[in-house]
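Line by line, the protein sequences are chains A and B.
Going by my numbering, the first sequence opens with residue 373, and the numbers climb by one from there.
Going by my numbering, the second sequence opens with residue 38, and the numbers climb by one from there.
Worth flagging that the hints you see were computed from the coordinates, not collected in a lab.
Owing to the predicted nature of the structure, the values given are computational and were not obtained by experimental measurement.
All C-beta atoms in this analysis are idealised placements derived from N, C-alpha and C, irrespective of residue type, glycine included.
It cannot be assumed that every hint is accurate.
Residues from chain B that face chain A, not an exhaustive set, calculated with beta carbons under 10 Å [claimed, not checked]:
| id | residue |
| --- | --- |
| 1 | Lys-64 |
| 2 | Glu-65 |
| 3 | Gly-67 |
| 4 | Lys-69 |
| 5 | Gly-113 |
| 6 | His-177 |
| 7 | Thr-179 |
| 8 | Lys-183 |
| 9 | Tyr-224 |
| 10 | Ser-226 |
| 11 | Leu-227 |
| 12 | Gly-229 |
| 13 | Ile-230 |
| 14 | Met-231 |
| 15 | Lys-234 |
Cross-link-like lysine-lysine pairs, in silico, PhoX-like; alpha carbons within 25 Å at most [what the hints assert, rightly or not]:
| id | chain 1 | residue 1 | chain 2 | residue 2 |
| --- | --- | --- | --- | --- |
| 16 | B | Lys-39 | B | Lys-195 |
| 17 | B | Lys-39 | B | Lys-87 |
| 18 | B | Lys-240 | B | Lys-228 |
| 19 | B | Lys-267 | B | Lys-256 |
| 20 | B | Lys-50 | A | Lys-642 |
| 21 | B | Lys-228 | A | Lys-500 |
| 22 | A | Lys-564 | A | Lys-609 |
| 23 | A | Lys-564 | A | Lys-489 |
| 24 | B | Lys-228 | B | Lys-87 |
| 25 | B | Lys-267 | B | Lys-137 |
| 26 | B | Lys-69 | B | Lys-192 |
| 27 | B | Lys-267 | B | Lys-234 |
| 28 | B | Lys-64 | B | Lys-236 |
| 29 | B | Lys-228 | A | Lys-404 |
| 30 | B | Lys-261 | B | Lys-144 |
| 31 | A | Lys-427 | B | Lys-228 |
| 32 | A | Lys-670 | B | Lys-69 |
| 33 | A | Lys-404 | B | Lys-50 |
| 34 | B | Lys-236 | B | Lys-39 |
| 35 | B | Lys-256 | B | Lys-64 |
| 36 | A | Lys-489 | A | Lys-565 |
| 37 | B | Lys-69 | B | Lys-256 |
| 38 | A | Lys-404 | B | Lys-69 |
| 39 | B | Lys-228 | A | Lys-489 |
| 40 | B | Lys-87 | B | Lys-256 |
The chain contents come next:
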Amino acid sequence: MPFEALDFYRIDDDLASEERLVRDTVRAFVEKEFLPCVVEHVRQDGSFPFELVPKIAELGLFGANLQGYGCAGMNSVAYGLIMQELERGDSGLRSFASVQGGLVMFPIHTYGSEEQKERWLPALAQGKAIGCFGLTEPDFGSNPGGMLTRAVRDGDRWILNGTKRWITNGTISDVAVVWAQTENDIQGFLVKKDFDGFEARDMKGKFSLRGSITSELFLQDVAVPESNRLPNVSGLKGPLGCLNQARYGIAWGAVGAALACFDEALRYSKERIIFDRPLAGFQLAQQKLAWMATEITKAQLLVLRLGRLKDQGKLHHSMVSMAKMNNVDIALRIARMARDMLGANGIVDDYCAMRHMVNLETVRTYEGTHDIHTLILGRELTGLAAFEG
Amino acid sequence: MKILVCLKQVPHKDARLEIGSDGTWIKEDGIKFEINDYDNYALEEALRLKDAGEAEVVVATIGPDRVTQSLRTALGMGADRAIHVWDDSLANADSLGIAKVLAAVAKEENFDVVFCGLMSDDSNYAMVGPMLAQLLDIPHVTAVVKTDFENGAVKVEKELEGGTLEVSQVPLPCLLAVQTGINEVRYASLKGIMQAKKKPLDKKALSDIGLDGAAVAPKLSIEKIYTPPKGEGANLLSGSADEIATQMVGKIKELGLL
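Okay, chain B solo, but in the shape it has when bound:
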């Protein structure tokens, strides 16, 4: 089985973020980056298939030089090889642009399964997975919480609202966008990290995969990002616990919330 795992490098969850001078993204200088958490679970799910039998796990990402570190991490955890695509025109890429690049990467080889994280920790669109599946013309399931591969198909459990689960049988090839917490993500072992130095990491330009800047030009651009201003609607209640409870019930009724 041949598996592609799409990774995104995002700002470290502990990084102190500041808005950049042009107001459309954060300042990236001096902060740490890591693999998007959803993607860690996707990678772990792929590595478990590899542990269970014959599977080659390829990781792919898009981003500037700094993303190499995340690819090395993935190789250290056990992925077999990595593909790194970058072009300056991708700096402001939107979800469709990213999906087109990944689709071009995926089309160069015949993958049985494409794993993605459900969404990214930084921009939260949750669109790349489904778009990529459409471009590849393969079925997909999002919010995947359980997979069971058997006889050229996969039985997938998907999370719905309110704790309900949906089960479906999906033929391969397919794309699975994984929810967090579905497995216990391994650490990269020291030996794995040493071996990762010798594993292939292909750097590709857009032209290498038959694309150019125009093909991935964004249709969506960010106007601004900002911290929401402090609201003024708070109503502070005072008095004894009983009095506050009475006032609160009155307020809830008044607003018609019950």
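So here's chain A without its partners, still in its complex pose:
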């Protein structure tokens, strides 16, 4: 039986027809093209089905919510639904699209010069160029303002030095959006892979997001032309603005992972006979399923409202924090619960629950950890920051 997405509150009725159409198209793509090959990539650590990149690009999924430059110009809800369907496949697939669209194309589109936009956006949208986002460092994750990477002005160029870690797609990127501290403030730079002194290396040994490439970037006296600096932003609000885009997508994506796990647990528990009757007929199983369905429904309502607010220009970043925090948290708990309901079968990759479960441990940590989002909300509610030194 094929995947069935829970829609207990008929939220579908509140979607515009093109939003449903986008969702169904991406769902069919993931079902037909991605799911048959995901396990072989997860079995190899740090491997992604690159042969799908042209197809993903042809569908228009990279930077789908951006206007112009060969992008589809979808609204935020349609963009969110795309992320949901991609993460229903695997968090690694959604990460690929999130990074390319939200963390590379978005800053070029929003902070870049016209020349930078023309040079990069169509190529990134078509999947002919791949990009990565260099903010996090080995010693600075939740506190990016403490970054050690430095950019020093030298005539009409900048000299960059530093290390970036946990960078999705670093080793396969043609361009890296690197954030560095200058004499005055933090600035963004477009670092091409062939610049002297720039090197990317794969990070191996991950238990999580194995169907995704994670890298480290090393910058040693890399000379970057001034024309490669993003001219229209300075300070931490540059990278944080990008993260807000990507977090928005994650809040939707987590719903996709939760839907996949719930569907699998429901199906399995109805078919699995224990003590001569279906597992689904036991009260403890029903309690789990009822909790999962309730949390998914709440999460779905949260992101739909969030998307509508975003399109109306009423979004505050702390609203995104609430959705990212909540939806990833419930998705992870649902994945663990689904794994539990599948018993021993739950630990093999014939089933998706444990793959989603270990992926979601990463998703809980990246793009603002669960705890940091909790404290952003705390600061918003009280006016008192609990995470600044």
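Based on the hints, put chain B in the right spot on chain A.
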């Protein structure tokens, strides 16, 4: 070249179907619908002609408001415009009624090719295509598995029983009723979906195409639909593999099946 593709919206293949309270059709509330699979291949075949050169692809369907979604899908895949015909009197239309409506639509313009799916996934009649061709007085081929357009005609391969193929040369205009699997159906791209919002979608009533309820009144009505009751003729064999094989051969001979 001007191409008409006739689409039908049918219940989604994954929908859980229940029989409606009057017992003559399924409950349609709360289930998802999609383009009939055969029609997807017909549309793809038309879109390939468009990709290959100058062709306008028009899609037409009959149904309540929900069918708009399928027309938008078709426009998102690349069709140029859509025609949506509906009247409450068509709710119980039979194949001839549907064919008459499509014929009236087709007669308003001069189409070089009319594509249909071979049959519909829900009612399986496979009659609309041939009836429509008769009403338009044009030649038709069903179960089409290959098309090759050249010089105002089309060379068509048709599937026969047992894997045999029949090849024919058909002059245009003609109607082709397409078998599934003859091509790889494209996805609607996001840009296509955005462009589809601006493409024309004409809603027409029966009176707009010179028909009325009486002209399309069904000659066939469904008495009931039901799930076949479980049969009682099963004969369970037991024993070792050898014993079962022996019993089975005996049974086959007894029934004169060999």
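Tested hints:
1. Lys-64: violated (15 Å)
2. Glu-65: Status violated, d = 15 Å.
3. Gly-67: holds (8 Å)
4. Lys-69: Holds, because the Cβ-Cβ distance from B:Lys-69 to chain A comes to roughly 8 Å (cut-off 10 Å).
5. Gly-113: holds (6 Å)
6. His-177: violated (31 Å)
7. Thr-179: Violated. Min distance 27 Å.
8. Lys-183: For B:Lys-183, the interface hint is violated, since the closest Cβ of chain A sits about 23 Å away, which is over 10 Å.
9. Tyr-224: Since the shortest Cβ distance to chain A is 5 Å, the answer is holds.
10. Ser-226: Holds, about 5 Å.
11. Leu-227: holds (3 Å)
12. Gly-229: Check passed: Cβ of B:Gly-229 comes within 8 Å of chain A, closer than 10 Å.
13. Ile-230: Cβ of B:Ile-230 sits 5 Å from chain A, so the hint holds.
14. Met-231: holds (6 Å)
15. Lys-234: Nearest chain A Cβ about 6 Å off; hint holds.
16. B:Lys-39 with B:Lys-195: Holds: B:Lys-39 and B:Lys-195 sit about 23 Å apart, inside 25 Å.
17. B:Lys-39 with B:Lys-87: holds (9 Å)
18. B:Lys-240 with B:Lys-228: The hint holds at about 24 Å.
19. B:Lys-267 with B:Lys-256: violated (32 Å)
20. B:Lys-50 with A:Lys-642: Holds. B:Lys-50 to A:Lys-642 sits at ~21 Å (cutoff 25 Å).
21. B:Lys-228 with A:Lys-500: Holds, at about 18 Å.
22. A:Lys-564 with A:Lys-609: holds (23 Å)
23. A:Lys-564 with A:Lys-489: Roughly 15 Å between the alpha carbons, so the hint for A:Lys-564 and A:Lys-489 holds.
24. B:Lys-228 with B:Lys-87: Satisfied, since the Cα-Cα distance of roughly 18 Å is no more than 25 Å.
25. B:Lys-267 with B:Lys-137: Between B:Lys-267 and B:Lys-137 the Cα gap is close to 39 Å, so the pair fails against 25 Å, i.e. violated.
26. B:Lys-69 with B:Lys-192: violated (37 Å)
27. B:Lys-267 with B:Lys-234: Violated, at roughly 48 Å.
28. B:Lys-64 with B:Lys-236: Not satisfied, since the Cα-Cα distance of roughly 32 Å exceeds 25 Å.
29. B:Lys-228 with A:Lys-404: Holds - the C-alpha atoms of A:Lys-404 and B:Lys-228 are around 21 Å apart, at most 25 Å.
30. B:Lys-261 with B:Lys-144: violated (35 Å)
31. A:Lys-427 with B:Lys-228: holds (14 Å)
32. A:Lys-670 with B:Lys-69: Since the Cα atoms of A:Lys-670 and B:Lys-69 sit roughly 22 Å apart, the hinted pair holds (cutoff 25 Å).
33. A:Lys-404 with B:Lys-50: With a Cα-Cα distance of about 15 Å, the restraint between A:Lys-404 and B:Lys-50 holds, given a limit of 25 Å.
34. B:Lys-236 with B:Lys-39: holds (17 Å)
35. B:Lys-256 with B:Lys-64: holds (23 Å)
36. A:Lys-489 with A:Lys-565: holds (18 Å)
37. B:Lys-69 with B:Lys-256: violated (29 Å)
38. A:Lys-404 with B:Lys-69: holds (19 Å)
39. B:Lys-228 with A:Lys-489: holds (19 Å)
40. B:Lys-87 with B:Lys-256: Distance of about 37 Å is beyond 25 Å: violated.
In this structure, the hints that do not hold are numbers 1, 2, 6, 7, 8, 19, 25, 26, 27, 28, 30, 37, 40, in rising order.
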